[in-house]
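Student: Single-letter residue listing:
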Amino acid sequence: MRTICFYFQIHQPFRLKRYRFFDIGMDHYYYDDYANEEIIRRIAERCYLPANQTILQMIKETGGKFKVAFSISGIALEQLELYAPEVIDSFKELAQTGCVEFLAETFAHSLSSLEEDSDEFELQVKMHASKIQSLFGYKPTTFRNTELIYSDDIGRRVANMGFKGMITEGAKHVLGWKSPNYVYCCASNPRLKLLLKNYKLSDDITFRFSDWSWDQFPLTADKLINWISACPKEEDVFNLFMNYETFGELQSKETGIFEFLKAIPRMAEKADINFETPANLFSKKKPIDRIDVPYTISWADEERDTSAWLGNELQRSAFNILYSIREKVRLCTDRKILQDWYYLQTSDHFYYMSTKHFSDGAVHNHFSPYETPFEAFTNYMNVLSDFMIRVREKFPEGVDVEELNSLMKTIDAQGKIIAQLEQEKNDTTSTPSEAKAKKRKVECKAQKVTKERKSTAKKEKSTTSVPKSKKSIA
Amino acid sequence: MRALMFGWEFPPHILGGLGTASYGLTRGMSAQKDMQITFVLPKPWGDEDQSFLRIIAANKVPVVWRDPNWDYLNQELAGRMSPDEYYRMRACIQEDNNHIGTNGIGSIEFSGRYPDNLQEEIRNYDAVAGVVSRALDFDIIHSHDWLTYPAGVHAKYVSGKPLVIHVHATDFDRSRGNVNPTVYSIEKAGMDHADHIITVSNKTRDTVIDQYHIDPAKVTTVHNAVEPLSPEIQAIQPHHNTKDKVVTFLGRITMQKGPEYFVEAAHKVLQKTKNVRFVMAGSGDMMEKMISMVAYKNIGDRFHFTGFLKGTEVYEILKSSDVYIMPSVSEPFGISPLEAMQVGVPTIVSKQSGCAEILSNAIKVDYWDIDAMANAIYSIITYPAMYNYLKVEGKKEVDGIVWENAAWKVRDIYDRVLGLK
Numbered sequence: 001m002r003t004i005c006f007y008f009q010i011h012q013p014f015r016l017k018r019y020r021f022f023d024i025g026m027d028h029y030y031y032d033d034y035a036n037e038e039i040i041r042r043i044a045e046r047c048y049l050p051a052n053q054t055i056l057q058m059i060k061e062t063g064g065k066f067k068v069a070f071s072i073s074g075i076a077l078e079q080l081e082l083y084a085p086e087v088i089d090s091f092k093e094l095a096q097t098g099c100v101e102f103l104a105e106t107f108a109h110s111l112s113s114l115e116e117d118s119d120e121f122e123l124q125v126k127m128h129a130s131k132i133q134s135l136f137g138y139k140p141t142t143f144r145n146t147e148l149i150y151s152d153d154i155g156r157r158v159a160n161m162g163f164k165g166m167i168t169e170g171a172k173h174v175l176g177w178k179s180p181n182y183v184y185c186c187a188s189n190p191r192l193k194l195l196l197k198n199y200k201l202s203d204d205i206t207f208r209f210s211d212w213s214w215d216q217f218p219l220t221a222d223k224l225i226n227w228i229s230a231c232p233k234e235e236d237v238f239n240l241f242m243n244y245e246t247f248g249e250l251q252s253k254e255t256g257i258f259e260f261l262k263a264i265p266r267m268a269e270k271a272d273i274n275f276e277t278p279a280n281l282f283s284k285k286k287p288i289d290r291i292d293v294p295y296t297i298s299w300a301d302e303e304r305d306t307s308a309w310l311g312n313e314l315q316r317s318a319f320n321i322l323y324s325i326r327e328k329v330r331l332c333t334d335r336k337i338l339q340d341w342y343y344l345q346t347s348d349h350f351y352y353m354s355t356k357h358f359s360d361g362a363v364h365n366h367f368s369p370y371e372t373p374f375e376a377f378t379n380y381m382n383v384l385s386d387f388m389i390r391v392r393e394k395f396p397e398g399v400d401v402e403e404l405n406s407l408m409k410t411i412d413a414q415g416k417i418i419a420q421l422e423q424e425k426n427d428t429t430s431t432p433s434e435a436k437a438k439k440r441k442v443e444c445k446a447q448k449v450t451k452e453r454k455s456t457a458k459k460e461k462s463t464t465s466v467p468k469s470k471k472s473i474a
Numbered sequence: 475m476r477a478l479m480f481g482w483e484f485p486p487h488i489l490g491g492l493g494t495a496s497y498g499l500t501r502g503m504s505a506q507k508d509m510q511i512t513f514v515l516p517k518p519w520g521d522e523d524q525s526f527l528r529i530i531a532a533n534k535v536p537v538v539w540r541d542p543n544w545d546y547l548n549q550e551l552a553g554r555m556s557p558d559e560y561y562r563m564r565a566c567i568q569e570d571n572n573h574i575g576t577n578g579i580g581s582i583e584f585s586g587r588y589p590d591n592l593q594e595e596i597r598n599y600d601a602v603a604g605v606v607s608r609a610l611d612f613d614i615i616h617s618h619d620w621l622t623y624p625a626g627v628h629a630k631y632v633s634g635k636p637l638v639i640h641v642h643a644t645d646f647d648r649s650r651g652n653v654n655p656t657v658y659s660i661e662k663a664g665m666d667h668a669d670h671i672i673t674v675s676n677k678t679r680d681t682v683i684d685q686y687h688i689d690p691a692k693v694t695t696v697h698n699a700v701e702p703l704s705p706e707i708q709a710i711q712p713h714h715n716t717k718d719k720v721v722t723f724l725g726r727i728t729m730q731k732g733p734e735y736f737v738e739a740a741h742k743v744l745q746k747t748k749n750v751r752f753v754m755a756g757s758g759d760m761m762e763k764m765i766s767m768v769a770y771k772n773i774g775d776r777f778h779f780t781g782f783l784k785g786t787e788v789y790e791i792l793k794s795s796d797v798y799i800m801p802s803v804s805e806p807f808g809i810s811p812l813e814a815m816q817v818g819v820p821t822i823v824s825k826q827s828g829c830a831e832i833l834s835n836a837i838k839v840d841y842w843d844i845d846a847m848a849n850a851i852y853s854i855i856t857y858p859a860m861y862n863y864l865k866v867e868g869k870k871e872v873d874g875i876v877w878e879n880a881a882w883k884v885r886d887i888y889d890r891v892l893g894l895k
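Going down the list, the protein sequences come from chains E and P.
The opening residue of the first sequence carries number 1 in my numbering; numbering runs sequentially from there.
The opening residue of the second sequence carries number 475 in my numbering; numbering runs sequentially from there.
No wet-lab data here; the hints were simulated from the structure.
Because the structure is a prediction, the values reported are computed rather than measured.
Incorrect hints may have been included.
[Unchecked claim] Derived BS3-like pairs: lysine-lysine, alpha-carbon spacing no greater than 25 Å straight-line: (1) K356(E) - K825(P); (2) K793(P) - K748(P); (3) K742(P) - K17(E); (4) K865(P) - K742(P); (5) K126(E) - K328(E); (6) K717(P) - K742(P); (7) K65(E) - K284(E); (8) K356(E) - K200(E); (9) K883(P) - K635(P); (10) K233(E) - K285(E); (11) K356(E) - K869(P); (12) K60(E) - K270(E); (13) K17(E) - K825(P); (14) K746(P) - K17(E); (15) K262(E) - K65(E); (16) K883(P) - K507(P); (17) K92(E) - K131(E); (18) K356(E) - K865(P); (19) K178(E) - K126(E); (20) K356(E) - K870(P); (21) K746(P) - K394(E).
[What the hints assert, rightly or not] The following label-pair restraints were derived from C-beta to C-beta distances: (22) R42(E) - A505(P): 48 to 56 Å; (23) F217(E) - D684(P): 37 to 45 Å; (24) N243(E) - A505(P): 48 to 56 Å; (25) C231(E) - W842(P): 53 to 61 Å; (26) E45(E) - D684(P): 35 to 43 Å; (27) A769(P) - E45(E): 52 to 60 Å; (28) V401(E) - N676(P): 49 to 57 Å; (29) D117(E) - A505(P): 51 to 59 Å; (30) D33(E) - L592(P): 55 to 63 Å; (31) Y295(E) - K746(P): 37 to 45 Å; (32) K746(P) - P85(E): 37 to 45 Å.
Glycine included, each C-beta is placed from N, C-alpha and C at the ideal position.
Given the sequences, and given the hints that come with them, work out the whole structure.
Tutor: As structure tokens, this is what we get:
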């Protein structure tokens with residue numbers, strides 16, 4: 001029996017507002033609320049809500065045989081919560097059917113998997129998983145990286161986090177003569193199973209569905225199922241991975257995309273094809289072979305590599321500067337800083353800086369809020385400059401991260417002791433003499449601690465100020 | 475294919491971009507083996523490069539029949555023209571030009587510049603065109619810029635050969651919309667009589683169609699290009715004598731070039747950062763106004779005027795710059811940003827410049843958007859990746875913009891006009 005595995009990607013970045021250099025150090029709010037709200041509302045109304053409705057209906061009509069998977073980035077979830085909470089509700093409704101799987105990814109839809117010597121990637125994946133858990137009461141077991149970026153190394157890291165499977169691009173230069181229509185496994189850790197995107201069929205729907213100049217136009221559910229049936233018998237998994245915006249946004253409602261989607265289960269049933277979520281496939285099927293991916297792949301452009309985000313010097317420089325302050329940001333407890341840290345990591349910011357469209361397709365251009373990649377770079381760097389100033393202000397200059405870390409730990413521990421002692425002090429309500437003795441003891445101890453604390457503070461003061469939050473404890 | 479071209483300027487003695495473009499285009503066309511170019515100039519200096527074309531000195535062409543003695547003739551021709559040619563030309567005088575003031579050999583004195591009696595010079599040039607077009611054999615006439623349109627039209631009706639005019643600028647660019655009616659009428663007549671019109675940018679093409687009411691089918695854009703750097707220029711060493719970044723404006727300080735926007739942007743940048751200097755190189759009627767503007771804004775310690783630059787000084791300044799900026803209000807093409815990119819200087823151009831149509835690796839801003847301009851300057855001087863990218867990719871890009879390609883487009887137009895295609 002053949003299986004179709006549908007997976008839909010949902011992501012919208014927090015677009016930056018026009019941020020001139022004279023705003024650096026003055027204005028700490030970076031986002032274009034108007035554009036972000038306008039875009040997410042539009043897509044919600046044209047795509048997310050009607051598509052969710054359609055899928056819910058399909059699940060009900062087929063009695064739970066129709067199954068899909070979603071990957072919603074943390075950034076997109078936050079925007080939906082802000083601007084279109086009804087979409088979250090409709091996903092919750094879908095989650096309750098049990099026919100929908102939510103995949104794990106990086107919270108910020110970031111390129112952190114390409115940062116090799118830090119745990120930023122792992123932290124973000126955990127953060128996203130807890131977000132999904134809190135919203136949908138569901139612990140994701142399948143991983144999907146930003147823009148389907150994958151390599152053996154990333155596979156190893158994902159397996160170490162305990163994921164059973166991962167989905168990625170069926171890039172031609174990786175597969176060679178192999179077919180994407182099987183379950184594979186990771187070369188560096190065979191326990192991690194892989195599903196590869198069938199880019200031919202997926203792109204037929206995403207990009208060519210309403211293309212009049214395409215020789216197969218119009219695409220019908222009938223035709224799609226026939227193509228799948230015509231494949232060799234052994235090929236049993238057909239991975240149709242696409243942007244959710246395909247339904248209603250990239251292909252407008254008027255093209256008949258929703259009717260196309262609705263007709264698929266009926267046609268599939270006739271041809272004896274069923275639907276499955278990635279997690280179920282991983283538990284049912286055995287991998288046929290391993291896939292070696294020494295160089296990073298993704299689902300973008302003709303090259304299927306990371307050059308859309310890190311292809312030119314502008315992009316690489318912005319990326320390196322961003323991650324150069326990672327360690328300091330991670331010492332921060334300020335929620336606003338951490339929030340900006342996630343929002344600034346979103347891969348889209350780097351995508352806008354791509355200069356590839358100077359020669360090839362206009363795809364980059366189409367989705368960018370900027371006129372040119374230079375404008376994108378300048379705006380991003382201005383914002384990043386301000387962000388870096390804010391992060392640096394939190395810490396004394398000239399102290400390296402390790403030293404800072406140990407100082408922070410000392411302050412933290414002492415803060416706890418002081419709090420504990422004060423607690424004890426307040427608790428002493430028994431006999432006056434006993435209380436006096438205890439009090440003296442406590443005061444003595446407290447004095448000692450304060451002394452210690454002072455010496456640490458001095459050490460810090462010699463460079464600059466102590467973080468504000470800690471001061472208040474003292 | 476033999477082309478008779480009428481021009482006004484030719485290197486090394488040039489006053490603006492017209493001479494550079496004329497030279498580049500003719501040189502590019504000379505790469506076509508069957509191309510012969512005869513270039514008429516009002517006043518050649520004798521040191522022009524004639525290796526790839528023939529220059530006819532209009533100020534030696536007889537327009538009134540005189541019979542000077544041999545020695546006097548040789549002395550007057552001063553090597554600019556051979557006596558044989560003089561006699562051949564003299565045999566072709568068919569019009570009565572006695573109303574024009576001529577010298578001892580029957581020729582007209584031209585200044586070859588843009589004097590106050592420019593209208594008169596244009597009319598006189600027209601008279602020369604009548605003689606030249608009778609004396610020479612050619613297949614097509616090509617007139618560069620409005621000064622030579624009347625000459626081209628005259629030559630067309632004398633010879634019956636088709637006329638192509640090359641619009642390097644229109645009066646709408648020079649005057650910010652307040653056109654001089656006399657100039658407009660000359661331009662309009664030239665365009666009406668031309669068989670085909672070449673414009674240096676789509677922006678100029680739109681002006682020709684909208685403001686001069688010309689049939690769009692008759693107007694084709696051929697973007698300018700840039701000559702490869704000569705070894706002498708490549709050898710010039712930049713002298714960066716300060717640790718500061720240098721942002722340069724280079725050109726005539728006139729209304730058309732938008733110098734005041736540069737001063738405004740400089741002021742914005744200097745409010746935020748100090749390690750930068752601004753240079754305004756060139757001269758023009760708005761220079762004094764700019765100096766007082768700089769003084770008023772109190773940025774004189776960081777803003778410098780160089781006055782008019784000659785010869786290699788231009789490249790010395792360019793090579794020592796970190797940013798080149800051309801905030802022109804209306805620029806038909808603008809070759810200078812391409813020259814800056816050739817020496818690896820990141821460039822900012824206004825969207826109202828023709829060259830913005832073909833450049834990808836330059837920053838484009840609206841001339842009036844001083845915030846965006848200041849932001850772009852700041853970006854280049856602050857973020858090394860931006861500077862390096864524009865430096866390297868800009869040079870790569872501009873090295874691919876060669877006159878040979880433009881020349882082939884012109885050739886294609888010739889062929890179409892002559893019905894060969």
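Student: Checked against the structure, which of the hints given earlier come out wrong?
Tutor: Hint check: 19 fails alone, others pass.
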